[in-house]
Amino acid sequence: MKIKYLIKCFALAGIGLGFGPKADLSLKEAFKKDFYVGAALNNRQISGQDANSIALVKQQFNTISPENLLKWEAVHPQPDKYNFKPADDYVAFGQANKMFTIGHTLMWHQQTPKWVFEDADGKPASREMLLKRLEEHINTVVGRYKGKIAGWDVLNEAIDDQLGDLRKTKWLEILGEDFAAKAFEYAHKADPKAELYYNDYSLYRPEKRAGVIKLVKSLQAKGIKVAAIGMQGHYGLTKPSIEQVEASIVAFSQLGVHVNFTELDIDVLPNPSRRQGADIAETFGADAKYNVYTTGLPDSVQQQLTKRYADLFALFHKHRDVIDRITLWGVTDADSWLNNWPIRGRTSYPLLFDRKYQPKPAFQAVVQAAK
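The sequence shown begins at 1 in this note's numbering and counts up by one.
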C-alpha cells in the first residue's frame with residue numbers, strides 16, 4: 001500500500017493532514033463498539049506545556065495512562081513525602097474529559113526508591129516493615145483517587161524474562177512469594193470498585209506466558225480477582241508474529257480474565273539488544289548504526305510500519321470480546337521512550353502521530369481495521 005494512496009484516503013474521508021478540532025475521524029470513534037483506545041501522558045502534557053498533544057488526546061482517545069507520574073519514586077519519593085500535584089492534574093484531566101483513567105503502577109522492581117527496602121540503618125527492611133510501607137503507600141495513593149481512577153496496574157513485570165519464574169527482586173526477597181497477593185489485597189481494600197491488573201512485556205513468549213498464567217492462577221486460588229492481564233506490546237516490525245500474540249490473548253482469556261494492550265508501540269530502528277521487550281535496565285552506548293533514520297522514515301519502512309499496525313489492530317478487533325483497552329505508549333513520536341532506549345538520543349518513529357502532531361499512514365490503516 002503506497003503512502004500517496006493513503007494520503008488520498010485521508011482526503012476522501014474528509015480529513016486534512018492537520019488534525020484540528022473539527023476532524024471527522026478519531027480512534028475512539030472508530031473502535032467505540034469494541035474497546036477503549038488511549039495514550040500514555042507525560043508531565044509536560046499534564047502540566048499544560050504541550051497544548052498540541054492535549055488537543056490530540058481529547059480528540060482521539062477515551063482512556064489515558066500516566067507514563068511516570070504515579071510510579072513510586074515520582075509520587076512517594078521520601079518516607080514522609082508525597083508529590084501529588086502531577087497525579088492530581090492527570091486525574092482531573094481524565095475526569096474533565098470523561099476518560100477511562102488508569103493508575104500505573106503500584107508495585108514494581110524499577111523506579112522504586114531505595115529507602116522502601118531499607119531500615120533506618122540502611123540494612124534490609126524486615127518483612128513486617130516492608131508490608132507496612134506497601135500497605136500505607138497503596139492505601140494513600142489508591143485511596144486518594146478512589147472512584148476517579150478506574151483501573152490500576154497493581155503489579156508490573158514480576159516474571160523473569162527467560163525462565164518464566166518469579167523475577168528475583170527485593171519484593172520477592174523480603175516478602176516471599178505472597179508479595180503479589182498482598183499488593184492486590186491492599187489495592188482492593190483501598191478501592192473495592194477499581195479494576196486490578198497484572199502488567200508485563202514479552203508475554204507472547206511461551207515461557208513468560210506460562211509464568212503469568214501460574215501467577216494469576218495462584219491469585220485466583222486465594223480469591224483475588226484479576227480483572228485483566230496487560231500485554232505491554234513493545235513490538236518490532238516483524239517480531240513477535242501475529243500468531244504468537246494471538247496465542248497469549250487466547251491463553252489468558254481462558255483464565256476468565258480480559259486482556260489489555262497497555263504500552264503499544266512499534267520500534268522501527270535496529271536494536272542492539274537480542275531481547276524483544278522493555279527491560280529498562282538494559283541500555284547501550286551511542287552508535288550511529290542503531291540510529292539510521294535521523295532525517296525521516298524511508299517510504300519502504302513507513303509501509304512496513306503501516307502494515308504492522310494494520311495487522312495488529314485487525315487481531316485486536318478479532319478478539320474484541322476479551323480485549324477492553326488498547327493504549328499507545330505516548331501521543332506522538334516525539335514523546336516516545338524509544339528515543340532514549342536502549343540508546344539515548346535516537347530518532348524513533350513508533351507511534352501513529354509524527355513529531356508535528358500529524359497522523360501517519362498507519363493511522364488510517366488502524367481506522368480501516370475497525371471496519
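Hints listed in this document are in silico derivations from the structure and should not be mistaken for laboratory results. Values in this document were obtained by computation on a predicted structure and should not be read as measured data. For glycine and all other residues, C-beta sits at the position ideal for the given N, C-alpha and C. Fair warning: there could be bad hints in the mix.
[Claimed, not checked] DSS-like, lysine-lysine: derived pairs with alpha carbons at most 27 Å apart:
hint: 1; residue 1: LYS85; residue 2: LYS132
hint: 2; residue 1: LYS239; residue 2: LYS58
hint: 3; residue 1: LYS58; residue 2: LYS85
hint: 4; residue 1: LYS189; residue 2: LYS114
[As the list claims (entries may be wrong)] Pair ranges (Cβ atoms, derived):
hint: 5; residue 1: LYS123; residue 2: PRO298; range: 51 to 59 Å
hint: 6; residue 1: LYS58; residue 2: LYS193; range: 54 to 62 Å
hint: 7; residue 1: LYS371; residue 2: ASP160; range: 21 to 29 Å
hint: 8; residue 1: GLY256; residue 2: ALA92; range: 28 to 36 Å
hint: 9; residue 1: ASN52; residue 2: GLU243; range: 31 to 39 Å
hint: 10; residue 1: LYS58; residue 2: GLN110; range: 24 to 32 Å
hint: 11; residue 1: GLN254; residue 2: GLN111; range: 47 to 55 Å
Here is what the structure says about each hint:
1. LYS85 / LYS132: Holds - the C-alpha atoms of LYS132 and LYS85 are around 24 Å apart, at most 27 Å.
2. LYS239 / LYS58: 31 Å, violated
3. LYS58 / LYS85: Answer holds: LYS58 to LYS85 is near 21 Å, not above 27 Å.
4. LYS189 / LYS114: This hinted pair holds, its Cα atoms lying about 26 Å apart.
5. LYS123 / PRO298: 51 to 59 Å: About 55 Å separates the Cβ atoms of LYS123 and PRO298, which means 51 to 59 Å holds.
6. LYS58 / LYS193: 54 to 62 Å: About 26 Å separates the Cβ atoms of LYS58 and LYS193, which means 54 to 62 Å is violated.
7. LYS371 / ASP160: 21 to 29 Å: Distance hint for LYS371, ASP160 is violated at roughly 40 Å.
8. GLY256 / ALA92: 28 to 36 Å: 34 Å, holds
9. ASN52 / GLU243: 31 to 39 Å: Once the Cβ atoms are compared, 38 Å apart, the range 31 to 39 Å for GLU243 and ASN52 holds.
10. LYS58 / GLN110: 24 to 32 Å: This hint holds: roughly 30 Å between Cβ atoms.
11. GLN254 / GLN111: 47 to 55 Å: 32 Å, violated
Hints 2, 6, 7 and 11, counting from the list given before, are not met by this structure.
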